[in-house]
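Participant: Chain residues, written in single-letter form:
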Amino acid sequence: DVKVTQSSRYLVKRTGEKVFLECVQDMDHENMFWYRQDPGLGLRLIYFSYDVKMKEKGDIPEGYSVSREKKERFSLILESASTNQTSMYLCASSLTQKGARGYTFGSGTRLTVV
Amino acid sequence: DAKTTQPPSMDCAEGRAANLPCNHSTISGNEYVYWYRQIHSQGPQYIIHGLKNNETNEMASLIITEDRKSSTLILPHATLRDTAVYYCIVRVGEGNSGGSNYKLTFGKGTLLTVNP
Numbered sequence: 001d002v003k004v005t006q007s008s009r010y011l012v013k014r015t016g017e018k019v020f021l022e023c024v025q026d027m028d029h030e031n032m033f034w035y036r037q038d039p040g041l042g043l044r045l046i047y048f049s050y051d052v053k054m055k056e057k058g059d060i061p062e063g064y065s066v067s068r069e070k071k072e073r074f075s076l077i078l079e080s081a082s083t084n085q086t087s088m089y090l091c092a093s094s095l096t097q098k099g100a101r102g103y104t105f106g107s108g109t110r111l112t113v114v
Numbered sequence: 001d002a003k004t005t006q007p008p009s010m011d012c013a014e015g016r017a018a019n020l021p022c023n024h025s026t027i028s029g030n031e032y033v034y035w036y037r038q039i040h041s042q043g044p045q046y047i048i049h050g051l052k053n054n055e056t057n058e059m060a061s062l063i064i065t066e067d068r069k070s071s072t073l074i075l076p077h078a079t080l081r082d083t084a085v086y087y088c089i090v091r092v093g094e095g096n097s098g099g100s101n102y103k104l105t106f107g108k109g110t111l112l113t114v115n116p
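Listed in order, the protein sequences are those of chains P and Y.
Residue 105 in our numbering sits at position 105 of the first sequence, with consecutive numbering throughout.
Residue 11 in our numbering sits at position 11 of the second sequence, with consecutive numbering throughout.
Pulled out of the complex, with its shape left as it was, chain P reads as follows:
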């Protein structure tokens, strides 16, 4: 089975810190995604990437950036963490192949900014 691994399950950071959330997948998937999930707002797409060094903004990219230097790794960067970025962050990957199954998600990183 495809595995999507997020580096931390829980993270506490201070306001103003630079925060890196790491995501690694092990099945050579082209596409990778970062979502955040908040109560009442559901899952919202922050950024995605469909190839190495390629990235596209999702629905809520403000305050975030991403890096994809290698196919298997997709990093989400909070340049200066703020309390409104406290959330559950979910990484996903998918294969570009007709008939392929859908996304595989990681277990999530619950980030608290204090």
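None of these hints come from the bench; they were simulated from the model.
Take the hints with a grain of salt, since some may be wrong.
If you want a taste of the chain Y side facing chain P, the calculated C-beta under 7 Å gives, among others [claimed, not checked]:
| # | residue |
| --- | --- |
| 1 | Y32 |
| 2 | Y34 |
| 3 | G43 |
| 4 | Y46 |
| 5 | G50 |
| 6 | K103 |
| 7 | K108 |
Keep in mind that this is a model prediction, so the values were computed, not measured.
Positions of the beta carbon are idealized from the N, C-alpha and C atoms, including for glycine.
Knowing the structure of chain P, use the given hints to seat chain Y on it.
Facilitator: For chain Y alone, kept in the frame of chain P given last:
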């Protein structure tokens, strides 16, 4: 923008079939119906997808109406571990060009509660 409509919640007795409806009246010809579920505090999990034919796998069955404007996800013998939020999503299938086509947009889904 939500392309699907699902009931906010449903209940099902353990061991019985759970039938989760989804309306997608504006679905395009090249869009598939995808179903995911999210168990509390976990990432969403892919269940099944289909274009126009009914589909079955080890987890569930997907019934799509002939006009493709609605579908039903069937869990044949629901267990307590099937309690989750179930999301119905329409999107172009994998293999189509265009980076933005790969986005999945999640709505609010249906909270299925399986009762003992």
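Participant: If a hint holds in the structure, say so; if it doesn't, say that too.
Facilitator: Going through the hints against the structure:
no., hint, verdict
1, Y32, "violated, 9 Å"
2, Y34, "holds, 5 Å"
3, G43, "holds, 3 Å"
4, Y46, "holds, 4 Å"
5, G50, "violated, 11 Å"
6, K103, "holds, 6 Å"
7, K108, "holds, 6 Å"
The structure fails hints 1 and 5 (numbered hints given earlier, in ascending order).
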